[in-house]
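Number of protein chains: 2
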Amino acid sequence: MIKINRQNILKAKIGPKNGMEPAVLRELCMAKQPLVAAVLRSAGKEGYGFLKLPDNAKLLKQIQTFAAAQKKYKWENILVLGIGGSALGVTAIKEALLGCFHDVFRKPRLLVLDNVDPVFITDAAERLDMKKTLFVVISKSGTTVEPMALFALAKEKMMKTAGKNWKKHFVFITDPRVGLLREIAGNEGIAAFEVPPNVGGRYSVLSSVGLLPAALAGLDAAGLLKGAKKMRGLIAKAKGEENPALLLAALQHYFDKEKKKPMTVVMPYCNELWRVADWYRQLLAESIGKNGHSGPTPLSALGATDQHSQVQLWNEGPDNKFFIFLRVISQAADLKIGKILPKPMDFLNGKTLGRILDASYKGTSESLAKNGRPNVTLEIPKTDAETVGALFMLFEFQVALLGLMYGVNAFNQPGVEHGKQITKKILSGR
Amino acid sequence: MIKINRQNILKAKIGPKNGMEPAVLRELCMAKQPLVAAVLRSAGKEGYGFLKLPDNAKLLKQIQTFAAAQKKYKWENILVLGIGGSALGVTAIKEALLGCFHDVFRKPRLLVLDNVDPVFITDAAERLDMKKTLFVVISKSGTTVEPMALFALAKEKMMKTAGKNWKKHFVFITDPRVGLLREIAGNEGIAAFEVPPNVGGRYSVLSSVGLLPAALAGLDAAGLLKGAKKMRGLIAKAKGEENPALLLAALQHYFDKEKKKPMTVVMPYCNELWRVADWYRQLLAESIGKNGHSGPTPLSALGATDQHSQVQLWNEGPDNKFFIFLRVISQAADLKIGKILPKPMDFLNGKTLGRILDASYKGTSESLAKNGRPNVTLEIPKTDAETVGALFMLFEFQVALLGLMYGVNAFNQPGVEHGKQITKKILSGR
Chain B
2 MIKINRQNIL
12 KAKIGPKNGM
22 EPAVLRELCM
32 AKQPLVAAVL
42 RSAGKEGYGF
52 LKLPDNAKLL
62 KQIQTFAAAQ
72 KKYKWENILV
82 LGIGGSALGV
92 TAIKEALLGC
102 FHDVFRKPRL
112 LVLDNVDPVF
122 ITDAAERLDM
132 KKTLFVVISK
142 SGTTVEPMAL
152 FALAKEKMMK
162 TAGKNWKKHF
172 VFITDPRVGL
182 LREIAGNEGI
192 AAFEVPPNVG
202 GRYSVLSSVG
212 LLPAALAGLD
222 AAGLLKGAKK
232 MRGLIAKAKG
242 EENPALLLAA
252 LQHYFDKEKK
262 KPMTVVMPYC
272 NELWRVADWY
282 RQLLAESIGK
292 NGHSGPTPLS
302 ALGATDQHSQ
312 VQLWNEGPDN
322 KFFIFLRVIS
332 QAADLKIGKI
342 LPKPMDFLNG
352 KTLGRILDAS
362 YKGTSESLAK
372 NGRPNVTLEI
382 PKTDAETVGA
392 LFMLFEFQVA
402 LLGLMYGVNA
412 FNQPGVEHGK
422 QITKKILSGR
Chain S
2 MIKINRQNIL
12 KAKIGPKNGM
22 EPAVLRELCM
32 AKQPLVAAVL
42 RSAGKEGYGF
52 LKLPDNAKLL
62 KQIQTFAAAQ
72 KKYKWENILV
82 LGIGGSALGV
92 TAIKEALLGC
102 FHDVFRKPRL
112 LVLDNVDPVF
122 ITDAAERLDM
132 KKTLFVVISK
142 SGTTVEPMAL
152 FALAKEKMMK
162 TAGKNWKKHF
172 VFITDPRVGL
182 LREIAGNEGI
192 AAFEVPPNVG
202 GRYSVLSSVG
212 LLPAALAGLD
222 AAGLLKGAKK
232 MRGLIAKAKG
242 EENPALLLAA
252 LQHYFDKEKK
262 KPMTVVMPYC
272 NELWRVADWY
282 RQLLAESIGK
292 NGHSGPTPLS
302 ALGATDQHSQ
312 VQLWNEGPDN
322 KFFIFLRVIS
332 QAADLKIGKI
342 LPKPMDFLNG
352 KTLGRILDAS
362 YKGTSESLAK
372 NGRPNVTLEI
382 PKTDAETVGA
392 LFMLFEFQVA
402 LLGLMYGVNA
412 FNQPGVEHGK
422 QITKKILSGR
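In the order they appear, the protein sequences are chains B and S. In terms of the working numbering, the first sequence has 163 at position 162, counting the first letter as 1, and numbering is strictly consecutive. In terms of the working numbering, the second sequence has 3 at position 2, counting the first letter as 1, and numbering is strictly consecutive.
Among these hints, one or two may not hold up.
Chain copies aren't distinguished; within one or between two, either way the pair holds.
[Claimed, not checked] Below, simulated PhoX-like cross-link-like pairs (lysine-lysine); rule was C-alpha separation at most 25 Å, straight line:
1. Lys340 with Lys426
2. Lys169 with Lys344
3. Lys158 with Lys169
4. Lys18 with Lys258
Rather than coming from a laboratory, the hints here were simulated on the basis of the structure. The structure presented is a predicted model; accordingly, all values stated were derived computationally and were not measured.
Just chain B, with the same shape it has in the complex:
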């Protein structure tokens, strides 16, 4: 299971300015312990529906059956039309389990079209063979501008390309009862899965929103749920600083409020987990950034790559960040350098890439510690479906805890309404 290395927040390691005594950390976590039970008690209530998603064996079965039935079409492209919470989770699963070059080298491609940029969409539309494409249209409300605009274009195209058979190229994921997508599904007889009403978009990755595209791409949807369930069990049982969700939430809140660190950097030393950090950006920003003053700003970064881009600022710029590293212990593949390089680079000979990457992680986390910059590390056994599911649950639970710590509703997003209204007004010509 995932463990958290917290050496680099202790006073003994990072000094008195930001460092904590072990007893202070212990007390901080124990004081917040009742919040864990409070979150668990809310399971199933508005917003807290995400806690029950790992138990939905019936949905899993439906998804697996649907995905198996689609195999006969030999789709070359699974095209997800969704944005925000309907895109970031799928992308995170895809990169974690299929790698970063999947669409370049293998099929079916799993492409997420999460914008209405005209060049981006035209390029995809002109190059993809639409006869071999399945569209997964995702909008919880069924009225999100971007996926609905793309759905309109896709429907028009497929009616031309496939005639009456256009409907078999579509599957929807939306509210079980209301909204335009649900209405169209009913009228046209298009397959449609549900986003449970008590689950918000950014907490929906373990619903059909994440599971269906994963299953269509041949990925282990069951493993995602299994990992999430295990993590939920661990969080429900573990006390104080041994509880990973509680520890992360308590530290993030403490460093923001007590030590003036309004930013949290999430940095996997792993290309495949980079998009999990992007998914977390939405989860944290939309859940906690409200009420005019609260909410750390999330930053995502990639190790070792961003050592050559951001570490200068992190080490010697303003002391205003808290860092969460993700470190993978066992690599699924690796390459070893032979006796190739002369001095002064001969120290790389005989080393694997995994070892070089890990030494880079140690270099960065230790240099930050030496500069007094607090950082913790999630030690991840390996990047499989169970691990990814566990990470989703860990971060969702952590953010639900942060909602209670900050005293904000972690499940709404009133701050995006005004911009939406202006956009709609412009487009309606009113």
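Chain B is already provided as a structure; the job is to place chain S on it using the hints.
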């Protein structure tokens, strides 16, 4: 040419807390005007070499000749081995001019391997046809761990695959005299281009570092330089707030220091320019983040996508950010929605994606303004090579100005040394 819309920093628009009177803005820029001449006077001095890169017609010719000669090999893959400043500029050019799906649909692929993640690299190595691959190895010092590790693996592989012909699969970009790459180039007779010693990695995109991969991928390297030259001319001539580099630098410094906004968000409403924002992240962070307290933290975002991820926090979270939007006026391609959607989404019928995207930009920038959050917009005529070259020069000049405003050396990066030493020590087993 690129223009800056600055309505949303004025008091009349965003209120008294963050807003400026027009006269204050005018005076602020005029007071800093002498710094423009100071930067121009330094052209060619240590670090300031970037200012002269657009004039190197001889290098451009060499690059074009080399790229033309490579055509006979019919490379399927141009593989850049570089990290930080040796990767971010190439990636920015690639996405801006080839689009986001280039490697999925077309050849030669232009892949940038900017990490030593073992799964990431193994995946590429196993899938690519090495016989049809050209490696562009970029390291200014010739001793950067990540590209040198990948070079070692590539050399070993190509010696097995191509025998004595392995050398024709490589071209280097490195210091003209010192370092291991230069040494190997000399010993083995491998083609090698130069990074001028007075140009730092993060300012090197308009040297062979950006131009050679661009030319190898068939892109308009001359256009990049032409656009940069035009922008440099504009910056040298325009006074006060009409000077885009001066205006951006003055505002960024002002909002950081006077209005407590330690973060700058760069958000193109354009997938193709998203990586320019990532390139800027390094430029700003490494150049200004030093001396223990100075330097805004850069964030890159994508419109409209991140409206569904970050705008909640930006509008209603802590008031600690300054925003730079990039807006493309004329789209290279577009798609129009037919009479497809029923109510309540029928307002999208008859609209182009470009218009929807632009309405989204307006919704976001105006809602931020209404919440008193300062933002400016770079109005970009279109995304071609000249525009991209102009953006590079604009931002590089702006950051050089910021160096003078903050009183820091914008061209070194001492804060990454300690981590590097730890990494090397671990790998050397000492």
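Structure-based check of all given hints:
no.	hint	verdict
1	Lys340 with Lys426	between (65 Å within a copy, 19 Å between copies)
2	Lys169 with Lys344	between (61 Å within a copy, 23 Å between copies)
3	Lys158 with Lys169	within (13 Å within a copy, 46 Å between copies)
4	Lys18 with Lys258	both (14 Å within a copy, 23 Å between copies)
The structure fails none of the hints (numbered hints given earlier).
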